[in-house]
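I would like the entire structure built from these sequences, with the hints used as guidance.
Here this note's numbering is used: the first residue of the sequence shown is 15, the next is one more, and so on.
The set of hints was computed from the structure by calculation and includes no laboratory data.
Incorrect hints may appear among the rest.
The following label-pair restraints were derived from C-beta to C-beta distances [as the list claims (entries may be wrong)]:
(1) D64 - E142: 36 to 42 Å
(2) P131 - E151: 26 to 32 Å
(3) P41 - L170: 39 to 45 Å
(4) I62 - A147: 23 to 29 Å
C-beta atoms are modelled at their ideal positions from N, C-alpha and C, and glycine is treated no differently.
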Amino acid sequence: MYYIRYNVAKVGGIRVMGTRRVLKRRPEGETPVSVRLEKSLHEAIRNIADRTGKPFSRVIKEMLEMALRMQRFPGIVFVEGPAGRRAHIAGTGLDVWEVIELLREYGSAPPLLEHFPGLSPMAMRIAEAYAQAYPDEIDAFLESNAQSSKQLRRALPWTEAV
Numbered sequence: 015m016y017y018i019r020y021n022v023a024k025v026g027g028i029r030v031m032g033t034r035r036v037l038k039r040r041p042e043g044e045t046p047v048s049v050r051l052e053k054s055l056h057e058a059i060r061n062i063a064d065r066t067g068k069p070f071s072r073v074i075k076e077m078l079e080m081a082l083r084m085q086r087f088p089g090i091v092f093v094e095g096p097a098g099r100r101a102h103i104a105g106t107g108l109d110v111w112e113v114i115e116l117l118r119e120y121g122s123a124p125p126l127l128e129h130f131p132g133l134s135p136m137a138m139r140i141a142e143a144y145a146q147a148y149p150d151e152i153d154a155f156l157e158s159n160a161q162s163s164k165q166l167r168r169a170l171p172w173t174e175a176v
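See below:
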């Protein structure tokens, strides 16, 4: 949905209608806010926006969302890679979706923890809690990984999963 905004100014006591701009209406549920940033912080965010091609406000929104998730789930960090931004268990080398996939393959926590000594029981519980809070995100990575495996098997039928 769009709306038109006219710039109106007072010139000698007379209201004069000036240029008009057609603006996109803000999506429902979004609230505009104004914040003051130190110059160095502003420049750092601007550099990220320029590098990624994302609007400045979207970069700030994503960073705030990641910070809130990391606060809610201690031990979760976010990493960038070819698959995009992913929730990752700090210090393990594993993404949350990988822990969930391994947990499903092993069937329960004890054998998984036995084969992955770098994964603590607490880290596994945090990964499970994160996956329960954001199932669509985790399911998308699981599905993408499953599709990649299927494509690889079609392209190289002599290979097998180990």
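Now the hints, each set against the structure:
| no. | hint | result |
| --- | --- | --- |
| 1 | D64 - E142: 36 to 42 Å | holds (37 Å) |
| 2 | P131 - E151: 26 to 32 Å | holds (27 Å) |
| 3 | P41 - L170: 39 to 45 Å | holds (44 Å) |
| 4 | I62 - A147: 23 to 29 Å | holds (25 Å) |
When the structure is compared with the earlier hints, no violation turns up for any of them.
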